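Trainee: Residue numbers (my numbering), protein chains in the order written: chain B, 1 to 229; chain A, 1001 to 1108.
There's no promise every hint is true.
[As the list claims (entries may be wrong)] Simulated crosslink set (DSS-like; lysine-lysine; CA at most 30 Å straight-line):
id, chain 1, residue 1, chain 2, residue 2
1, A, K1060, A, K1088
2, B, K94, A, K1060
3, B, K94, B, K176
4, B, K7, A, K1088
5, A, K1060, B, K7
[To be verified] Below, a sample of chain A positions facing chain B; criterion: calculated Cβ distance under 8 Å:
id, residue
6, A1005
7, T1065
8, R1087
Read the hints as simulated data drawn from the structure, not as lab findings. In this text, all values refer to a predicted model and were calculated from it rather than measured experimentally. Don't be surprised by glycine CBs; every beta carbon is placed ideally from N, CA and C.
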Amino acid sequence: MRQAFVKSLPVMAGYVVLGIGFGILLHDAGYGAAWSFAMGLLIYAGSMQYVGVGLLAGGASALTAILTTFMVNARHLFYSISMIGRYRDAGRYKPYMIFALTDETYSLLCDGAAPDGADPNLYRFLVSAFDQCYWVVGCVLGSILGAALPFSTAGVEFSMTALFAASFTQQWLDTKDHTPALVGLFGTLVCLLIFGADRFLIPAMVVITAALTALRPRLDRAGKEAAER
Amino acid sequence: MTSNAHAALLVAIMAAVTMLLRFLPFLIFRKGRPVPAYISYLGDVLPQAIIGMLVIYCLKDTVLTAAPYGAPELLAVAAVAALQAWRKNSLVSILSGTAVYMVLIRLL
């Protein structure tokens, strides 16, 4: 229990702060603490919840919501794939651990074994649960702050842009071939110019997937290594 | 505005699709079944492209044709990128970039 709590500490500050940012945004879009709590509890995916504020505010169609969630969260397929072995024997903890496998929880649990003497499944379950507690607390706190702050929070919506810009920069630094990042950036920009701000997201997803599929012979290295294994 | 029923539907969809994405690999690739090469290729390249897409998505309502010509957005994004490259601490980059933006929209 203590080991899991200590392991989860680095995520606490990030989740509470980003959760507060989400809660304030959602409040400004006209949805209060109950919505914030429900989204943090049920969706529990940071970037998707930020994007979700836009979907709610704009009254997006069900189809747009399905496709957007699919694209924004597609990376979770790959987190899960890499955890199949590690979570295999988690028993009754397994469903929740899979549900709660966010970027941050993945980054905490993908690197190593559980501490000596601890039940590895209970340990991973607790790390996952602590992380979600921080997130939900942050979300609800944001809703309360959004309603109570005496000064204008105009501009706080930029925290979402900053979140993705920081993540983009970090991935750029971590990779040698920047083609995928540039495909995402310019493919989307072109679709924005052609289709306009209200309906470019789905075309952009199609263009990106098609372009990356077409570029596969040039970009695929990990795939070949996997096939040789 | 969006009705509460439609909003609840959107939240349910986001929750269900997210859950599906997290559970699907555990259901499909049980013991020993290899992951198709195309899927692991997408897992390699898609996240970077999607983050690029989301950056543009966030900036979609930026007005470049009238003062201040998108300067707060562009300067704040540059600040985030520079801080991230320098400190490699996402929380610092996000908080500082947002603060820069909130100051700029009040000054420019």
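Trainee: Between the alpha carbons of K7(B) and K1088(A), is the straight-line distance 30 Å or under?
Mentor: 20 Å, holds
Trainee: Given the hint that K94(B) pairs with K176(B), test it: the Cα-Cα distance must not exceed 30 Å.
Mentor: 35 Å, violated
Trainee: Between K1060(A) and K1088(A), does the CA-CA distance stay at or below 30 Å?
Mentor: 26 Å, holds
Trainee: Does the nearest C-beta of chain B fall within a distance shorter than 8 Å of the C-beta of A1005(A)?
Mentor: 12 Å, violated
Trainee: Holds or violated: is there a CB of chain B closer than 8 Å to the CB of T1065(A)?
Mentor: 13 Å, violated
Trainee: Per the CB criterion, is R1087(A) less than 8 Å away from chain B?
Mentor: 10 Å, violated
Trainee: Are the Cα atoms of K94(B) and K1060(A) separated by 30 Å or less?
Mentor: 39 Å, violated
Trainee: With a cut-off of 30 Å on the C-alpha distance, tell me whether K1060(A) and K7(B) pass.
Mentor: 38 Å, violated
In summary, the numbered hints that this structure violates are 2, 3, 5, 6, 7 and 8.
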